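> Residues per chain are reported as follows:
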Amino acid sequence: MNWPLIALRNILRDGTRVISTLLIIATGLTALLVGSGFMLSTYDSLQEITMRTEGHLIVIDDTPEPLLGGSHQQLSLSNWQTIRESLWDDDRVLRVLPRARFEGVVSKGNRSAVFFGSGVDPKEEFRVHGPFLRTTGVLDPWLTSSQRAEVMLGAQLARTLDATSGDLLTLRTVRSNGESAEAVVRLAGLYQNGTPAIDNHTLMVALSTSSALMGSDNVSQLSIYLDKKEESAALQRSLQETIDGVIVQSWQQRATLYHKVKSLYDRIFGVMAIIILTVVFLAITNIISLAIYQRRSEIATLSALGTRPPQIYANFILEALIISIAAAMLGMLLAYAISHAINLAEIMMPAPRVRPRDTPFLSTSHGLTIW
Amino acid sequence: MTTRLSLNAISKAYGKADNQMVVLHDISFSLNAGEFLAIEGPSGSGKSTLLNICGLIDHATHGDYYLNGAAVSQLNSSERCACRRREIGFIFQRHQLIPAMTVYDNIAYPLQLNNVKAKQIKHDVAQLLTAMGLEHRCNHLPYQLSGGERQRVGIARALIKRPQLVVADEPSASLDHRHAQAGLQLMRELNQTYGASFLIASHDPLVINHCDRKLTLLDGYLVDPA
Numbered sequence: 000m001n002w003p004l005i006a007l008r009n010i011l012r013d014g015t016r017v018i019s020t021l022l023i024i025a026t027g028l029t030a031l032l033v034g035s036g037f038m039l040s041t042y043d044s045l046q047e048i049t050m051r052t053e054g055h056l057i058v059i060d061d062t063p064e065p066l067l068g069g070s071h072q073q074l075s076l077s078n079w080q081t082i083r084e085s086l087w088d089d090d091r092v093l094r095v096l097p098r099a100r101f102e103g104v105v106s107k108g109n110r111s112a113v114f115f116g117s118g119v120d121p122k123e124e125f126r127v128h129g130p131f132l133r134t135t136g137v138l139d140p141w142l143t144s145s146q147r148a149e150v151m152l153g154a155q156l157a158r159t160l161d162a163t164s165g166d167l168l169t170l171r172t173v174r175s176n177g178e179s180a181e182a183v184v185r186l187a188g189l190y191q192n193g194t195p196a197i198d199n200h201t202l203m204v205a206l207s208t209s210s211a212l213m214g215s216d217n218v219s220q221l222s223i224y225l226d227k228k229e230e231s232a233a234l235q236r237s238l239q240e241t242i243d244g245v246i247v248q249s250w251q252q253r254a255t256l257y258h259k260v261k262s263l264y265d266r267i268f269g270v271m272a273i274i275i276l277t278v279v280f281l282a283i284t285n286i287i288s289l290a291i292y293q294r295r296s297e298i299a300t301l302s303a304l305g306t307r308p309p310q311i312y313a314n315f316i317l318e319a320l321i322i323s324i325a326a327a328m329l330g331m332l333l334a335y336a337i338s339h340a341i342n343l344a345e346i347m348m349p350a351p352r353v354r355p356r357d358t359p360f361l362s363t364s365h366g367l368t369i370w
Numbered sequence: 000m001t002t003r004l005s006l007n008a009i010s011k012a013y014g015k016a017d018n019q020m021v022v023l024h025d026i027s028f029s030l031n032a033g034e035f036l037a038i039e040g041p042s043g044s045g046k047s048t049l050l051n052i053c054g055l056i057d058h059a060t061h062g063d064y065y066l067n068g069a070a071v072s073q074l075n076s077s078e079r080c081a082c083r084r085r086e087i088g089f090i091f092q093r094h095q096l097i098p099a100m101t102v103y104d105n106i107a108y109p110l111q112l113n114n115v116k117a118k119q120i121k122h123d124v125a126q127l128l129t130a131m132g133l134e135h136r137c138n139h140l141p142y143q144l145s146g147g148e149r150q151r152v153g154i155a156r157a158l159i160k161r162p163q164l165v166v167a168d169e170p171s172a173s174l175d176h177r178h179a180q181a182g183l184q185l186m187r188e189l190n191q192t193y194g195a196s197f198l199i200a201s202h203d204p205l206v207i208n209h210c211d212r213k214l215t216l217l218d219g220y221l222v223d224p225a
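Chains A and B, in that order, are what the protein sequence lines are. So that you can map any letter, position 161 of the first sequence is 160 in numbering that gives the first Met the number 0, and since no number is skipped, the others follow by simple counting. So that you can map any letter, position 102 of the second sequence is 101 in numbering that gives the first Met the number 0, and since no number is skipped, the others follow by simple counting.
FYI, nobody ran anything at the bench for these hints, they're computed from the structure. Owing to the predicted nature of the structure, the values given are computational and were not obtained by experimental measurement. Each hint should be verified, as a subset may be incorrect.
If we take Cβ atoms under 7 Å as the criterion, some of the chain A residues that face chain B in the derived model are [claimed, not checked]:
hint : residue
1    : Met0
2    : Gly14
3    : Leu263
4    : Thr300
5    : Ala303
Sample of chain A residues lacking proximity to chain B, with all beta carbon distances greater than 10 Å (derived) [unchecked claim]:
hint : residue
6    : Gln46
7    : Ile267
8    : Val278
9    : Glu297
10   : Leu304
11   : Pro308
Just so you know, even glycine gets a beta-carbon here, dropped at the ideal spot from N, CA and C.
With these hints in hand, go ahead and build the complete structure from the sequences.
Next up, the structure:
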């Protein structure tokens with residue numbers, strides 16, 4: 000007995016209702032897949048931003064408390080050059096970037112603003128940020144001029160100061176020993192990382208400039224960029240074991256925003272998924288209940304012939320399974336088509352605060368990830 | 000002669016004690032092996048209920064029921080299902096073929112339920128299809144058949160497993176005279192070939208006259224016990 004064929008014939012007997020159920024399930028599944036695609040795409044973007052901003056691994060000094068001011072001001076990693084050199088031979092490592100955090104006040108004429116600054120390796124820093132850090136009005140060469148120290152300002156901070164490329168700005172700070180220090184720097188250009196609150200308070204200078212300003216060659220952290228992010232856990236363990244006096248953190252430990260957004264989205268989409276799956280379940284239950292009601296006499300006949308009740312249930316379950324599989328395939332097809340259409344039409348997600356610019360609504364492959 | 004079926008003071012009532020409706024009162028009779036027994040009576044006399052009890056589809060409220068000498072009135076639902084599967088064939092008033100199954104599948108189904116080997120099923124079904132002149136219809140679905148053909152398929156399905164008891168409820172109800180006569184003739188032939196006992200509920204004189212013996216039910220009472 001070809002039970003799947005018999006189940007199929009039974010399904011086709013109730014064509015209109017089956018089609019509407021199929022569409023309900025397929026629509027629900029499409030919503031679930033497209034939603035999941037968007038969610039996963041967002042997670043990927045946030046991961047990418049965090050990894051590009053912080054590095055896959057971050058080496059910091061294991062001093063328990065900051066020396067002065069907030070942790071931002073801490074310049075306690077003294078042996079960073081040795082660590083950096085030791086990592087150059089490791090094939091897994093693409094780049095090792097030092098970053099010196101400092102803070103103070105930046106002024107242009109009678110305008111001043113508090114800043115959080117970073118001393119960076121200018122050649123590499125903007126490269127690792129890729130599309131997530133957009134620069135504008137950049138002078139060439141910038142941050143690397145030997146004539147005068149230069150600074151890159153967050154676009155919002157430049158607006159606050161009414162500063163444009165080429166302007167001279169004064170950076171004032173307090174060193175770890177309590178001395179005040181200042182430097183006059185030329186504005187080399189602006190950047191946007193997509194978060195106005197950050198752009199409003201941050202600036203970047205070359206590491207040599209920050210060292211001179213802070214009177215220290217130490218840095219706050221070494222950011223390690225890897226060829227493959229999957230290798231970060233193994234390298235983190237080995238570095239932690241081989242280098243004394245440091246803490247090696249993974250990007251996940253620094254990804255506060257990523258974890259918060261993920262937690263929020265997981266809950267939102269979790270509730271959505273439960274609602275959609277409930278609708279799907281009710282749709283299937285409804286059509287099977289109706290089928291059972293309509294085929295009472297057929298069930299009675301099967302029972303009279305000696306069919307065991309589980310065998311009778313199995314027929315209806317098989318029908319539900321066929322409808323579900325057909326609906327799932329249709330839903331996947333629809334989700335695939337919709338995600339392709341969205342990508343082809345270049346529909347962009349409006350840039351949220353964490354993004355520098357509009358980003359694709361979702362990527363096609365993510366639409367089917369959960370399958 | 001072997002007694003195939005024996006009912007002893009069978010009663011059937013529906014509802015609770017204070018609002019009970021008794022549809023069968025103290026029914027007692029026997030059916031011999033190979034016998035063709037008609038139960039006649041007007042609509043509402045309890046024929047179908049009696050047939051359901053005899054076919055182990057329904058329970059009697061009181062009384063004893065023996066099938067091939069074994070007491071079956073106290074069997075649980077699983078045992079009753081197994082007994083129906085093995086020993087009882089049903090011919091329904093409106094054929095009750097499974098619409099999604101082909102003629103072949105409808106006839107083969109009782110054998111499949113009894114775990115008969117595929118080769119044997121193929122052989123038996125082919126033989127019966129030929130005997131009934133339905134071999135050209137074996138891959139058709141029930142809706143593609145005429146009324147007479149459907150009834151023949153229903154009869155074939157009841158007989159394919161060679162049951163010891165065939166319970167038929169108004170087998171001629173949906174047939175014209177010619178097809179009804181042909182159907183009865185077929186049942187009689189198969190009765191002679193396979194030795195099955197037939198218990199047929201009907202108020203069609205054609206059917207009743209075709210049987211060896213008849214019982215009359217009136218308002219739940221057996222009026223003329225054998």
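> Under 7 Å is the threshold here; is the Cβ of Thr300 (chain A) close enough to any Cβ of chain B for the hint to stand?
4 Å, holds
> Under the criterion of a CB-CB separation shorter than 7 Å, is Met0 (chain A) in contact with chain B as hinted?
With Cβ-Cβ at 6 Å, under 7 Å, it holds.
> Grab the minimum C-beta distance from Leu263 (chain A) to chain B and call the hint holds if it beats 7 Å, violated otherwise.
This interface hint is violated because 49 Å lies over the 7 Å limit.
> So is Pro308 (chain A) really clear of chain B, every C-beta pair being over 10 Å apart?
The claim breaks: Pro308 (chain A) does not keep its Cβ more than 10 Å from every Cβ of chain B (closest is about 8 Å).
> Just double-check Val278 (chain A) for me: nearest Cβ-Cβ distance to chain B has to come out over 10 Å.
28 Å, holds
> Taking the shortest Cβ-to-Cβ distance between Ile267 (chain A) and chain B, state whether it exceeds 10 Å.
Given a closest Cβ separation of 43 Å, the condition holds.
> Would the least Cβ to Cβ distance between Leu304 (chain A) and chain B come out above 10 Å?
6 Å, violated
> For the hint on Ala303 (chain A), just tell me whether its beta-carbon gets within less than 7 Å of chain B.
5 Å, holds
> Given Gly14 (chain A) as an interface hint, is the shortest Cβ-Cβ distance to chain B below 7 Å?
Result: violated, 13 Å to nearest chain B Cβ.
> When you look at the beta carbon of Glu297 (chain A), is every beta carbon of chain B farther off than 10 Å?
With a cut-off of 10 Å, Glu297 (chain A) comes too close to chain B, as the shortest Cβ separation is near 6 Å.
> Does Gln46 (chain A) really sit off the interface, with its C-beta more than 10 Å from all C-beta atoms of chain B?
51 Å, holds
Taken one by one, the earlier hints fail for this structure at numbers 2, 3, 9, 10, 11, listed in ascending order.
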